[in-house]
Amino acid sequence: MTVSAVHPAQPPAPGDVAAELRDVHIGFRSGRDVTPVVRGVGLRLRRGRVLALVGESGSGKSLTSLALIGLLPPGAEVTSGSVVLDGADTGGFSARRWREARGDRVAMIFQDPMAALNPGFAVGRQIAEPFRRRLRLRRREARERAVALMREVGIADAESRYGDHPHEFSGGMRQRAVIAMALALGPSVLLADEPTTALDVTVQAQILRLLARRQQEADLATLLVSHDLGVVARVAQDVAVMYAGRIVERGPLDDVYTRPSHPYTLGLLEAMPDARDGGRLKPIKGVPPDPRRPPGGCAFHPRCPFATDVCRDEDPPLAEDGDRAVACHHADEVTASRETEEPR
Amino acid sequence: MTATAQETEVVLKVSGLEAGYERPGRYGFGRRRVPVVAGIDLAVRAGRTLGIVGESGCGKSTLARAIVGLRPAFAGSIEFAGADLASVPARRRRRMSRDLQMVFQDPYTSLNPRMTVAAVIAEGWRVHPGIVPRDQEDAEVARLLGLVGLRAEHGARHLHELSGGQCQRVSIARALAPRPKLIVCDEAVSALDVSIRAQILNLLGDLQSELGVAYLFISHDLDVVRHIAHDVAVMYLGTIVEHGPAADVFGDPQHPYTRALLSAAPSVRDRPDDGVQEIVLRGEVPSPTAPPTGCRFRTRCYMAAEVCERKVPEPVPRDGLPQSVACHFADSAGTTAPG
Chain S
1 MTVSAVHPAQ PPAPGDVAAE LRDVHIGFRS GRDVTPVVRG VGLRLRRGRV
51 LALVGESGSG KSLTSLALIG LLPPGAEVTS GSVVLDGADT GGFSARRWRE
101 ARGDRVAMIF QDPMAALNPG FAVGRQIAEP FRRRLRLRRR EARERAVALM
151 REVGIADAES RYGDHPHEFS GGMRQRAVIA MALALGPSVL LADEPTTALD
201 VTVQAQILRL LARRQQEADL ATLLVSHDLG VVARVAQDVA VMYAGRIVER
251 GPLDDVYTRP SHPYTLGLLE AMPDARDGGR LKPIKGVPPD PRRPPGGCAF
301 HPRCPFATDV CRDEDPPLAE DGDRAVACHH ADEVTASRET EEPR
Chain P
1 MTATAQETEV VLKVSGLEAG YERPGRYGFG RRRVPVVAGI DLAVRAGRTL
51 GIVGESGCGK STLARAIVGL RPAFAGSIEF AGADLASVPA RRRRRMSRDL
101 QMVFQDPYTS LNPRMTVAAV IAEGWRVHPG IVPRDQEDAE VARLLGLVGL
151 RAEHGARHLH ELSGGQCQRV SIARALAPRP KLIVCDEAVS ALDVSIRAQI
201 LNLLGDLQSE LGVAYLFISH DLDVVRHIAH DVAVMYLGTI VEHGPAADVF
251 GDPQHPYTRA LLSAAPSVRD RPDDGVQEIV LRGEVPSPTA PPTGCRFRTR
301 CYMAAEVCER KVPEPVPRDG LPQSVACHFA DSAGTTAPG
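Those sequence lines, one after another, are chains S and P. Just so we're aligned, residue 1 is where the first sequence starts under UniProt numbering, counting upward by one. Just so we're aligned, residue 1 is where the second sequence starts under UniProt numbering, counting upward by one.
These are computed hints drawn from the structure, not numbers from a lab. We put the CB at the ideal spot given by N, CA and C, even for glycine. Please note that the accuracy of each hint is not assured.
Said to hold, decoys possible - Derived list of chain S stretches under chain P, where covered just means 3 residues or more per stretch with a C-beta under 8 angstroms from a C-beta of chain P:
| id | segment |
| --- | --- |
| 1 | 202 to 214 |
| 2 | 250 to 257 |
Said to hold, decoys possible - Below, in silico cross-link-like pairs of lysine to any residue (SDA-like), each with a Cα-Cα straight-line distance of 20 angstroms or less:
| id | chain 1 | residue 1 | chain 2 | residue 2 |
| --- | --- | --- | --- | --- |
| 3 | S | Lys282 | S | His227 |
| 4 | P | Lys13 | P | Gly39 |
| 5 | S | Lys285 | P | Leu207 |
| 6 | S | Lys285 | P | Lys13 |
| 7 | S | Lys282 | P | Asp221 |
| 8 | S | Lys285 | S | Thr308 |
| 9 | S | Lys282 | P | Lys181 |
| 10 | S | Lys285 | P | Asn202 |
| 11 | S | Lys282 | P | Gly149 |
| 12 | S | Lys285 | P | Gly39 |
| 13 | S | Lys285 | P | Asp206 |
| 14 | S | Lys282 | P | Gly164 |
| 15 | S | Lys285 | S | Phe306 |
| 16 | S | Lys282 | P | Gln208 |
| 17 | S | Lys285 | P | Gly164 |
| 18 | P | Lys181 | P | Ser209 |
What the hints assert, rightly or not - Computed footprint of chain S on chain P, listed as stretches where at least three residues anywhere in the stretch have a Cβ under 8 angstroms from a Cβ of chain S:
| id | segment |
| --- | --- |
| 19 | 187 to 201 |
| 20 | 280 to 290 |
Construct the complete structure from the given sequences, taking the supplied hints into account.
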């Protein structure tokens with residue numbers, strides 16, 4: 001499976017922007033009212049790189065990823081900003097154009113592989129379906145390509161398991177099958193929403209390794225949505241941290257993890273039960289806000305140890321500085337506070 | 001058990017426990033026993049935490065439920081508060097449950113949504129009268145709410161008015177109400193967001209040092225267990241494969257499964273290209289109701305040999321090590337790299 005077979009006109013190069021969100025706002029509409037939930041998100045997905053979108057429940061990270069594949073839930077819509085796929089603004093995409101883009105340009109893997117598979121059909125047949133319906137291949141050819149793809153994603157005895165139904169697959173094998181389906185048409189963008197959250201640790205390691213390998217082989221631009229800072233550290237080069245519908249910090253992962261500039265990022269990292277100190281954890285005080293009614297000013301200020309008056313009044317913009325970006329009035333103090341604690 | 005374990009009083013001692021579930025027998029006659037865990041030996045010391053780690057299907061929840069009496073024990077003993085819970089009749093067992101409480105993963109399904117928070121907490125006093133006089137109940141509820149970091153006015157609320165973290169605090173207050181010696185926590189922080197999880201873990205630690213309550217803390221999250229547990233038992237497919245002080249088991253794992261599990265667990269210190277070779281096990285966990293012969297881990301083990309198929313490895317203390325390991329090759333596990 002090669003990408004160039006599908007897009008012969010545009011030989012992609014690593015680093016190219018394959019998808020982009022420009023100041024995207026997403027809201028839930030009820031009647032005339034729109035409740036904003038994602039409030040101005042900008043992201044660039046580059047070929048050959050994994051961008052992790054990190055945040056706690058209700059931060060808007062899943063909605064953000066769904067906007068990239070035109071699958072927002074009923075009632076939710078992009079109220080402003082633009083979603084760009086392979087250079088094309090999807091704002092005017094009809095349902096049909098979205099269908100054509102899915103699988104071909106952008107594909108998605110969800111947390112629960114059972115929900116992504118039809119329990120009534122053989123797994124192999126579901127993997128072969130895009131070859132039949134989109135590439136109009138003959139049954140036998142489609143089957144051969146599906147079996148080859150199953151082998152590539154590490155399904156043992158692919159030939160004999162072609163006819164097995166989803167319930168005959170284990171959780172890890174189902175997620176492999178879903179990955180095969182997502183990669184079938186050689187998309188340039190892969191969205192993975194908590195792809196290993198439902199899996200066991202040892203199986204998770206297998207799937208992460210598979211994703212990383214396929215990602216590199218196919219030069220995919222990947223968005224990995226996860227609440228797990230550890231999983232993210234293992235596969236992503238870049239990270240964006242979301243809080244209450246906004247990106248609060250963005251940059252190269254190693255840089256952000258070792259020198260966080262936003263107090264929320266700092267708080268998340270310090271709240272991790274770290275193996276090396278057996279003492280008390282440092283939780284973030286309070287609870288995440290209701291995404292429909294975030295606090296005024298900086299949405300994080302009620303929980304923030306650095307907050308001052310300005311944080312209550314003014315929502316800080318996402319200020320870019322080289323490849324880093326942070327939305328905090330006190331970013332310098334945050335960075336400094338971490339540096340004074342090192343080395344631990 | 002290790003030498004250190006004998007220094008403090010043991011509140012719970014499980015020996016040779018076999019437990020699982022019962023199914024209707026053939027043609028609907030009688031009951032058929034389906035064991036999920038077998039040969040479980042463990043001990044929880046007063047005021048200390050025993051962590052149990054393992055993946056789904058390893059039987060850690062079945063073990064927890066067997067200990068509190070929500071699953072039948074088929075063989076072995078569960079010594080708690082001077083009695084064998086595995087053999088006492090149900091009615092007496094209920095009386096003893098006062099000292100043995102449980103906190104579940106999901107507070108929304110484990111607590112009754114139609115009761116107020118205060119009623120949830122006080123319910124244990126209906127089952128076990130005489131702990132708190134009626135006229136002091138309100139004050140005691142308020143005290144417990146304060147203990148778990150909630151305010152007295154939360155007592156009048158219903159669970160749907162609280163966040164997930166607050167609900168879990170209510171679960172903990174409910175478990176504390178009968179003043180138990182041991183609380184079994186089954187994935188008690190697994191459904192919580194990172195920032196809230198840290199709050200609850202700190203709370204559990206504080207309560208232990210203030211009240212001297214012991215925990216049997218079950219989790220799939222190794223970092224969480226490493227943080228909270230004094231001792232740890234690693235389970236695989238219904239058996240304990242390694243058991244000992246947490247610092248030793250995590251710091252110097254001896255069983256091949258423990259090694260693989262620890263190396264597979266993601267950490268914020270990992271990086272995509274840092275070249276750390278994690279041990280990726282082949283295949284997946286077999287069915288716990290039809291485990292492999294001999295060593296149950298052998299089908300996925302990178303060290304498996306012919307003896308593993310024939311012989312069940314006994315958990316033995318390794319020379320000069322504080323932990324006990326159930327592996328034929330425990331001595332060489334540290335030196336042999338997986339292929």
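Which hints from the list above does the structure break, by number from lowest to highest?
When the structure is compared with the hints, numbers 6, 9, 12 turn out to be violated.
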